[in-house]
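First to last, the protein sequences are chains A and B.
If you read the first sequence in my numbering, its first letter stands for residue 1, the second for the next number, and so on.
If you read the second sequence in my numbering, its first letter stands for residue 1, the second for the next number, and so on.
Hint data in this document are derived by calculation from the structure and do not stem from the laboratory.
Take the hints with a grain of salt, since some may be wrong.
To be verified - Pairwise CB distance ranges, derived in the manner of DEER restraints:
#, chain 1, residue 1, chain 2, residue 2, range
1, B, Asn227, A, Asn227, 34 to 40 Å
2, B, Arg293, A, Arg205, 33 to 39 Å
3, A, Gly286, B, Arg254, 19 to 25 Å
4, A, Val255, B, Asp25, 24 to 30 Å
5, A, Gly196, B, Asp39, 50 to 56 Å
6, B, Arg13, A, Lys177, 26 to 32 Å
7, B, Glu182, A, Asp3, 35 to 41 Å
8, A, Asp198, B, Arg13, 45 to 51 Å
9, B, Arg254, A, Gly275, 16 to 22 Å
Positions of the beta carbon are idealized from the N, C-alpha and C atoms, including for glycine.
There are 2 protein chains.
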Amino acid sequence: MFDLIDKMLQGNRYALARLVSIIEDRTDHSVELMERIYDLARPVPVVGITGPPGAGKSTFVDRLIGRYRAQDQQVAVIAVDPSSPFSGGAILGDRIRMQNHAVDEGVFIRSLGSRGHFGGLTLSTSEVVALFSAAGFDVILIETVGVGQTEFSVMEVADTVVVMLVPESGDTVQTLKAGLLEIADIFVVNKADREGADKMAQELRQMVHMKPPKDEWTVPVLLTSANTGRGCDEVAQAIADHVDQVFRSGARHRVAARVRAFHEVLVEEFRRRLGGALVQGEGAVGQLAREVRDGRKSPYTAALEALHNAEWLVELLGQADGR
Amino acid sequence: MFDLIDKMLQGNRYALARLVSIIEDRTDHSVELMERIYDLARPVPVVGITGPPGAGKSTFVDRLIGRYRAQDQQVAVIAVDPSSPFSGGAILGDRIRMQNHAVDEGVFIRSLGSRGHFGGLTLSTSEVVALFSAAGFDVILIETVGVGQTEFSVMEVADTVVVMLVPESGDTVQTLKAGLLEIADIFVVNKADREGADKMAQELRQMVHMKPPKDEWTVPVLLTSANTGRGCDEVAQAIADHVDQVFRSGARHRVAARVRAFHEVLVEEFRRRLGGALVQGEGAVGQLAREVRDGRKSPYTAALEALHNAEWLVELLGQADGR
Numbered sequence: 001m002f003d004l005i006d007k008m009l010q011g012n013r014y015a016l017a018r019l020v021s022i023i024e025d026r027t028d029h030s031v032e033l034m035e036r037i038y039d040l041a042r043p044v045p046v047v048g049i050t051g052p053p054g055a056g057k058s059t060f061v062d063r064l065i066g067r068y069r070a071q072d073q074q075v076a077v078i079a080v081d082p083s084s085p086f087s088g089g090a091i092l093g094d095r096i097r098m099q100n101h102a103v104d105e106g107v108f109i110r111s112l113g114s115r116g117h118f119g120g121l122t123l124s125t126s127e128v129v130a131l132f133s134a135a136g137f138d139v140i141l142i143e144t145v146g147v148g149q150t151e152f153s154v155m156e157v158a159d160t161v162v163v164m165l166v167p168e169s170g171d172t173v174q175t176l177k178a179g180l181l182e183i184a185d186i187f188v189v190n191k192a193d194r195e196g197a198d199k200m201a202q203e204l205r206q207m208v209h210m211k212p213p214k215d216e217w218t219v220p221v222l223l224t225s226a227n228t229g230r231g232c233d234e235v236a237q238a239i240a241d242h243v244d245q246v247f248r249s250g251a252r253h254r255v256a257a258r259v260r261a262f263h264e265v266l267v268e269e270f271r272r273r274l275g276g277a278l279v280q281g282e283g284a285v286g287q288l289a290r291e292v293r294d295g296r297k298s299p300y301t302a303a304l305e306a307l308h309n310a311e312w313l314v315e316l317l318g319q320a321d322g323r
Numbered sequence: 001m002f003d004l005i006d007k008m009l010q011g012n013r014y015a016l017a018r019l020v021s022i023i024e025d026r027t028d029h030s031v032e033l034m035e036r037i038y039d040l041a042r043p044v045p046v047v048g049i050t051g052p053p054g055a056g057k058s059t060f061v062d063r064l065i066g067r068y069r070a071q072d073q074q075v076a077v078i079a080v081d082p083s084s085p086f087s088g089g090a091i092l093g094d095r096i097r098m099q100n101h102a103v104d105e106g107v108f109i110r111s112l113g114s115r116g117h118f119g120g121l122t123l124s125t126s127e128v129v130a131l132f133s134a135a136g137f138d139v140i141l142i143e144t145v146g147v148g149q150t151e152f153s154v155m156e157v158a159d160t161v162v163v164m165l166v167p168e169s170g171d172t173v174q175t176l177k178a179g180l181l182e183i184a185d186i187f188v189v190n191k192a193d194r195e196g197a198d199k200m201a202q203e204l205r206q207m208v209h210m211k212p213p214k215d216e217w218t219v220p221v222l223l224t225s226a227n228t229g230r231g232c233d234e235v236a237q238a239i240a241d242h243v244d245q246v247f248r249s250g251a252r253h254r255v256a257a258r259v260r261a262f263h264e265v266l267v268e269e270f271r272r273r274l275g276g277a278l279v280q281g282e283g284a285v286g287q288l289a290r291e292v293r294d295g296r297k298s299p300y301t302a303a304l305e306a307l308h309n310a311e312w313l314v315e316l317l318g319q320a321d322g323r
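The shape of chain A in the complex, shown without the other chains (with noise of 0.2 Å):
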């Protein structure tokens, strides 16, 4: 397995694809191998796409792939989509950029779907990019298919977040106002031509203004139409200058990411172990579970009773991290 990654670090897109596959499926090995990738890990600017469906989130990143390509950086996309248990594929609107972009070998883009069980797609996420940067690419974008905590969640991976609306989202604004001005660095209001669109703007920027600036930064809002290309240098300009200044202000949300990457960590193969034990009815915690399925105890009588006798919990992490 770890041979992989020596490939991948010759630019075989192969076994680059494997590794994603295997960061995903968490195995036995994936702390292994994920402490041999962050080694390699290099800080590239990490910028997150976000907005409801239809607000024209891949037309911009296929606008904003052919900007970096034309200053000959190499660029990779992880398209998450929480709703999706599958990935890998060609989902969202990955076909646009199969046309523009299929056989370029300076583009990577990656779907991540959240195989039924959608806590640990931000940690994923956050191992992605650093096997992404590893592999050498310049940029990466995380781009993702809709608008929910799980989303927001993912967007914390990113140095910069563009949240693209569009005139028609304004339910979803009212309803996630929050939330979207605690995320944005950058908001753009996609489809400009439309109804709308400039009392959105408007909107935005009344809310932008009640907010505090964060880090001597202004959020912009910025209006585009992606299927033209109007507004698009302007909005790449934008996230230029705030990944300039998030570098220079020392990234400190890299500090707290890697604090909660060993938190997740923990806490997904504790999942991920405890599940197959379950499973399996393997051990003490194993013969707990059937009797909660037969209903003899409660899951809380259960679990307390684990708790308390927690000694299972050493072999059940201790164990395998197997080479």
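Got chain A sorted already, so can you dock chain B onto it with the hints?
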């Protein structure tokens, strides 16, 4: 703390509200508290209502409440808003209901927010459901503020899931197609007087038709106008029919939910206690967290060390359930 349960059983609404907060907060006493509550829980119908913002869910829930009250049933509503760190008060469309049901002792409405960590929101919802059933409510409604993976996951707690859409939700439907089909027991197209309502209903019927029926239940697609009340009786009847069918067929999902609760309670306890140890820098794992923060160790090197010497875990989890 445990005397709150006695008061709650005597009908004290303040005690009930306090217990919800304690469940949400997760303290050292949570598992023990839930053990008591779980023993008092009763198998009452749990109905989930989900759909994108602006679909009219709150108005519809208000009408449902009115119907149940007319049959002299006591109704509890859990309004789940993963995007909000706040809970307790009147977020969502609660103001409408405040007007209609504020002085009605037979209705209890409570919002659940994510409190910064939404991984445990499904677990908290299932725990509040157990609490409300123990408190004597005859039917429990779970309403979400939007459709996202977190909301879908919360719907696992319900016996019957109503997915409410409006003609404008076209994009949402496209994006979430698989997820919506997976969770919906009943589709409702609200604002049926608007253009495109019939077309959307027809498309949904085609989607439903292509899916094999689950447990001999064919998912109905109903048209409503929650504002005027048109079609709401039909939906209420479909809900009653589906709940009947679920309980007749043995409510197998509740067995799976018990085992899942056992798993998730242990994971959440692990997450919570580990988080505390990391913040306070306690023990071996706290020392590792410091090294991660200072950049002396990568999160993955530290995680491997923590997993290899997992004795700290016994202390972490075995400690303090103390009354």
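Problem - Ascending list of hint numbers which this structure does not respect - result: No hint contradicted; all consistent.
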